[in-house]
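Engineer: Sequence:
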Amino acid sequence: MGLVNNINNFLDSYRPSPTPDLRTPGVQRGMGSVGNVEEPSDTYFRDAIWSYEEYDSSSGGSFPSSQEANMLFTYARSESSQLTTDNSSIHTPPPPDDVTIDKPEPTTPIDIDELVGDDLTIPYYDKSQALPRPQTLDIPHRVSKTRVVKDVVKTNQVRGAGACIKCRLQRISCSTSYPCETCKKAYPQYHQTPEVCCIRYELSNVARELAFRRFDCLLRKEDTAVRENFRMAQPRFSDNVIVGHILFDRDTSKPGLPAVLRNYICSADGRNVAHRGCTFARDHNNAALQTQPLIDWAENLASPVENSTFEGALESFVKICARSNCLNSFRPEIRTLAQKAHVVKCMYKIYRSRTLYFFQANKLQELPGPAHAEIRGVARSALESSERDLLAELDKFFKTQKQKLDDKERPIVWAALWQLMLVYRDLLRNMKPFGNNAEPLLNAVAVFYGACFRTSASLKLSVEAIKEPRSFDLAQQAELADAFKYTLSLRDTFYQSIVAGVATIDQRLKDLVVAPEMKVLNRRPNKKSPNGRLGDDLVMGGC
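Take the sequence shown: its position 464, counting from 1, is numbered 464 in UniProt numbering, and each next residue is one higher.
These are computed hints drawn from the structure, not numbers from a lab. Accuracy of the hints is not assured; some may be wrong.
[What the hints assert, rightly or not] Cross-link-like lysine-lysine pairs, in silico, PhoX-like; alpha carbons within 20 Å at most:
{"hint": "1", "residue 1": "LYS184", "residue 2": "LYS519"}
{"hint": "2", "residue 1": "LYS184", "residue 2": "LYS510"}
{"hint": "3", "residue 1": "LYS408", "residue 2": "LYS460"}
{"hint": "4", "residue 1": "LYS519", "residue 2": "LYS408"}
{"hint": "5", "residue 1": "LYS408", "residue 2": "LYS396"}
{"hint": "6", "residue 1": "LYS254", "residue 2": "LYS363"}
{"hint": "7", "residue 1": "LYS185", "residue 2": "LYS221"}
{"hint": "8", "residue 1": "LYS460", "residue 2": "LYS404"}
{"hint": "9", "residue 1": "LYS185", "residue 2": "LYS460"}
{"hint": "10", "residue 1": "LYS404", "residue 2": "LYS185"}
{"hint": "11", "residue 1": "LYS460", "residue 2": "LYS519"}
[Unchecked claim] Okay, the calculated beta carbon distance ranges per label pair:
{"hint": "12", "residue 1": "ASP251", "residue 2": "LYS185", "range": "48 to 58 Å"}
{"hint": "13", "residue 1": "VAL243", "residue 2": "SER303", "range": "42 to 52 Å"}
{"hint": "14", "residue 1": "ARG250", "residue 2": "LYS221", "range": "23 to 33 Å"}
From a predicted model like this one, the values you see are computed outputs, not experimental measurements. In this text, a Cβ means the ideal position worked out from N, Cα and C, and glycines have one as well.
Starting from the given sequences, assemble the full structure and let the hints guide the process.
Structural biologist: The following block contains the structure:
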């Protein structure tokens, strides 16, 4: 027995120490199963083990057993180590008896001449296997259109400065003077303020660079306070819910928007109440926080008094255009104009509202501020998005002037432009003006409108033009025609109110839109010229 113990002690001195199981985080070396059970702090070594585990698991193999783990951290000792012995450990595989190293034999250089005749190495082109092809390249003769630039220097200067909206839409040459000769002749009253009429930006650029604060006049301090309280303190909602309907005014006979509210409390430190209020329940599907239900709700907010005005009739006509299937035969950009103009008007009415009402259990009260702030946030987001798409569609008119507007498309563009101008007019007329407000954008849209509808031919907005003969929905056709006819019947009254208005914004609309249009409408039609052509006022240009 003594000899066996001596052999075991001798072998133990050369065996590697056992490595603790990596899957047992509470057991440490030298402590066995008894000791401190506290989790060790994260160290670099622990991170390295974790990285190995992740690499091993990602490679597809399972975690090694305890015996394999022991072999994992067993490294071969160097020849200079003093513990090197001839007796190998039980974990060390025996070395091979003889190790031979294969030496590459010297190769002879390849003769290139021998590979020339090899079909696999250098394929041979056989003309008899080629497909038949014509000997000459037959290209149809195309006559290139040459453009002669009369004044190269002037043309380069105009291209550098950019042409104004009016000249681009009318397809005439612009000048580098500010204002240009065309705008100076069309709007002589703005010779000292050329930024009103001679605008050398696209509509999207005007909205983004010159009128980026156009909706800031509708901001409320209550909305900012609610948003900051929600951000700084986590709200705790009560278990009880409040079910009711949201109304635009105190008239309970009008359709309401279903809503589910819930009270909440915000505390910064968990003890003191920083804010309390009532807003929409997060675990319910509230239609008031969705764009399409808000549009459907805003469509029915117009009163009979509003429908008797030009603004109300125009809104109704745009709504019918956006909903009607008769526009399916129109170009996609024309349908987009009607739909986006309708969304802009609906979302603007909701975002502009100062007070909404909540009707619940035969009790009418004002909608809590936090809930109203959330509705206004959804409305503003949809308003800005639809306005951006609408202006982008109008900017395409600068680039696609080869295709003129049809008679049936002209009323849709006319209504969409007026819808935009009325929204900007309301922003500037009833709200406190700020810098970078909606005034530059109103000027740009007004000049755009004046360039598109400047002749008697372009202002011939007939009811029969919007009727689509190929449409089978006769009821929608009749509704669309009646709405447009009613809108045109109120146009003269509205124009007279603009002319008689004393507000600055009404005078701007009078100079840029109403006065030139009334001058064309009141003009007597020219008779045919001796050569059989129509007069100048009937020639359609630009749009």
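Engineer: Hint by hint, which ones does this structure get wrong, listed from lowest number up?
Structural biologist: Hints 4, 7, 9, 10 and 13 contradicted; others consistent.
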